[in-house]
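Asker: Here is how the chains run, residue by residue.
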Amino acid sequence: MGKDECKTMLDALNKVTACYRHLVIALGSTSDSQNLREELKKTRTKAQELAVANRTKLTSLLKDKGISKDDRAEYERLWVLFTSSVELLEVDMKRSLEIGQDFPLKVPRRHLIQTGMTGSTTTVAARAMSVQNMKYEADANIDTVDLKELETEIAQVDQMMEEMELKVQVAPWTVEAKQEAGAELKSTVSVGNSSVGIISICEEEPKETVEGETGLMKVFAGVIFTAVLLIAGILGYLVINL
Amino acid sequence: MTIKTLSQHGVQRQQMPCLTKMERMIISMQDPDMGIKLRNQRLLITVIPHAMTGADIFEWLIKKFSISDEEALHIGQIFVKYGYIYPLKEPRNLILKVDNSPYRFQTPYYWMSTRWPASELDYAIYLAKKNIRKQGELIEYEKECYNALHKRINHTWDFVVMQAREQLRASKQRRKADRIVLECQEQAYWLVNRPPPGTLDNIDHGPERRTTNTRVQLNADFYKKEIEHNRISLARNRVKSSICLESYVKYCEQYQPHDPIMQGCLPSNPWITDDIMFWNMNCETVSVPTKLRVERWSFSFMELLSDPVGRKEFLTYLEKEFSAENLCFWQACEDVRHGETSKIPGKVDEVYKQFLAPGASRWVNIDSKTMEKTLEGFKRPHRFVLDDAQMHIYFLMKKDSYPRYLKSDLYKNLLARAVVPQETKKSVLPFIHRQRHSSPSPALATQAAEDDGKTKNSNSFKSNSGTASRL
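These protein sequence lines are chains S and P, in that order.
FYI, in the numbering used here the residues of the first sequence are 1 to 242.
FYI, in the numbering used here the residues of the second sequence are 1001 to 1471.
Extracted from the complex, chain S is given alone in its bound form (with noise of 0.2 Å):
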């Protein structure tokens, strides 16, 4: 079915989109590197193509008037969707151009901001590219070489925004979103727990001990005294009896 399809496509883009973001901020700070900019310019193309594809797929069941007033509204809801996601595309490609005229990889001096983050981005840009590793090939200055096609690639981006604004006219207001306040929490039980303790550190408890962790040592040491405040309990018992 059409619906599905489109779904399907526009689930893709926004997993990509979100990686493409994932991969934009670590730009300029010290998990910037070569490997990097391949997997920005790697993600960026891969969204490119997935934008075309859910943008032809639509715009086609958009344009197509024999369908019912139910579809007609989903089809825009998709459509609103597509075009939130293509937009945020778009900054993030603007940003990263800019952030990485800024901060070249190949000069003697390099100013990475050092923020803490020291890992790689492989895993990141494999969930992307939907491969189990990514395969680096590129040449040693991409850095400069990609933003030109950068450039191009956001000029054609703008572009196809530009057509679509004009091709299709979907009134935002008129789209009601399917989800209500707090939809988010039903389903992502996953997501949510592992990470719930670690995060904790950076919020308003100022200690920087684990929350989680905290919560057990508790647990343990209540039951260590009470096993001692037992065990000295029945030696004065002995003691007192014998």
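A couple of the hints might just be wrong.
List of simulated lysine-lysine pairs, BS3-like, C-alpha gap at most 27 Å [stated by the list, open to error]:
1) 94/S to 1399/P
2) 1172/P to 46/S
3) 1320/P to 1224/P
4) 1151/P to 7/S
5) 1398/P to 94/S
6) 218/S to 1134/P
7) 106/S to 1037/P
8) 94/S to 1172/P
9) 1172/P to 42/S
10) 178/S to 1151/P
11) 1089/P to 1172/P
12) 57/S to 135/S
13) 7/S to 1172/P
14) 178/S to 1343/P
15) 1399/P to 1369/P
Over 12 Å on every C-beta distance to chain P, these chain S residues come out as not near it, computed from the model [unchecked claim]:
16) 4
17) 69
18) 81
By construction, these hints were calculated from the structure, which means they are not laboratory data.
Every residue gets a Cβ at the ideal spot worked out from N, C-alpha and C, and that includes glycine.
Based on the hints, put chain P in the right spot on chain S.
Answerer: Below, chain P without anything else, positioned relative to chain S:
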């Protein structure tokens, strides 16, 4: 059709200069030899590098720029305020403490930028992510923002949820230390850009101006216009501030005795003493003006013309000199400029017949070029069609009649006759309750004045035309 959040906000195409300077300083702090010495932050199991203490930052600033303690502290505060450096221990308290409290640099993506203001969509995604992570336990103001955003960008809320989930999944691919840093960075970014209620908004953007409606096409035409605009701006007349300020001081000195607030007004300030004599003595139709008022006419020609009594006096003078038609013409032009649009063609016709037509009863002397231009404009009369002619006559009067008027006997006699009101004696008992009578409605007063003025004007017109015909 989509809502383009960025282009609607009149985004500046350049980063603010102060922010560029701050960025440069941050980059110089990264220098492996001359930069700040960094330490490791030890959490229970993980070790995260690249932390520094507030004291480190403070000392580095003093050493690098050879500045005083206060200045270094101030600059350090600015860095933290604008989000280039964020505190690790008390993230909501964006100040620089010059002791062992740890700080860290913010990643360039999250730097303060006027080119890329923090958008609502991003904030919504951040709140959704936080919601997921904390299982719905958001802070009060965040909950409110969340609900407000849900209403405002409802059309793309599904995208927000989808993107939030995906971003969380993407960050799970990193190792733990990096994940912690990512969380802290993002939180610091949003604390700076969406400060909780009650804290100072460090980045005061001012009210939003949604002036740019459409995308600007960056094509040849646009650049040509920009070049032209810049060329004109360069060629603009500039006055040195020393000269400007001198004339400003002179102006203030000249007008100070006339300012009721600075100098006090005689007889007394009506708002304080309930005595309206001040207004009565300075109203438009008084027969004997106050001395200050008459002196003011000598400051500039515009002062004379803007005072109705002054205008009347000037008219009497001009009648003696047989050049009254200039002032009448000027007045008629003013009437066209400020009057009703529907009456403009009629008025312009009148003006033409009375003043500009060859052989008119009150012909004014305008040079041929201006006359031609004005006559051209008469084909399509609009509000400002008589502007050039009016300007010409204005300058004629200013250069010629006005100086002579100021030297004339008429003016000097008036000055001598002018009244200097006595300051009212303050009553012995300052808090005696004065008899308060209700003042007449201002609407009636202005109506009466208008009617008065109109009849006077029409009378003067008629009488003038009479004298001219006799000549």
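Asker: Next, verify each hint and record whether it holds.
Answerer: Do the hints match the structure? See the list:
no.	hint	result
1	94/S to 1399/P	violated (61 Å)
2	1172/P to 46/S	holds (21 Å)
3	1320/P to 1224/P	violated (57 Å)
4	1151/P to 7/S	holds (24 Å)
5	1398/P to 94/S	violated (59 Å)
6	218/S to 1134/P	holds (22 Å)
7	106/S to 1037/P	holds (24 Å)
8	94/S to 1172/P	holds (25 Å)
9	1172/P to 42/S	holds (20 Å)
10	178/S to 1151/P	holds (13 Å)
11	1089/P to 1172/P	holds (24 Å)
12	57/S to 135/S	violated (31 Å)
13	7/S to 1172/P	holds (24 Å)
14	178/S to 1343/P	violated (59 Å)
15	1399/P to 1369/P	holds (20 Å)
16	4	holds (15 Å)
17	69	holds (18 Å)
18	81	violated (4 Å)
Checked against the numbered hints above, the structure violates hints 1, 3, 5, 12, 14 and 18; every other hint is satisfied.
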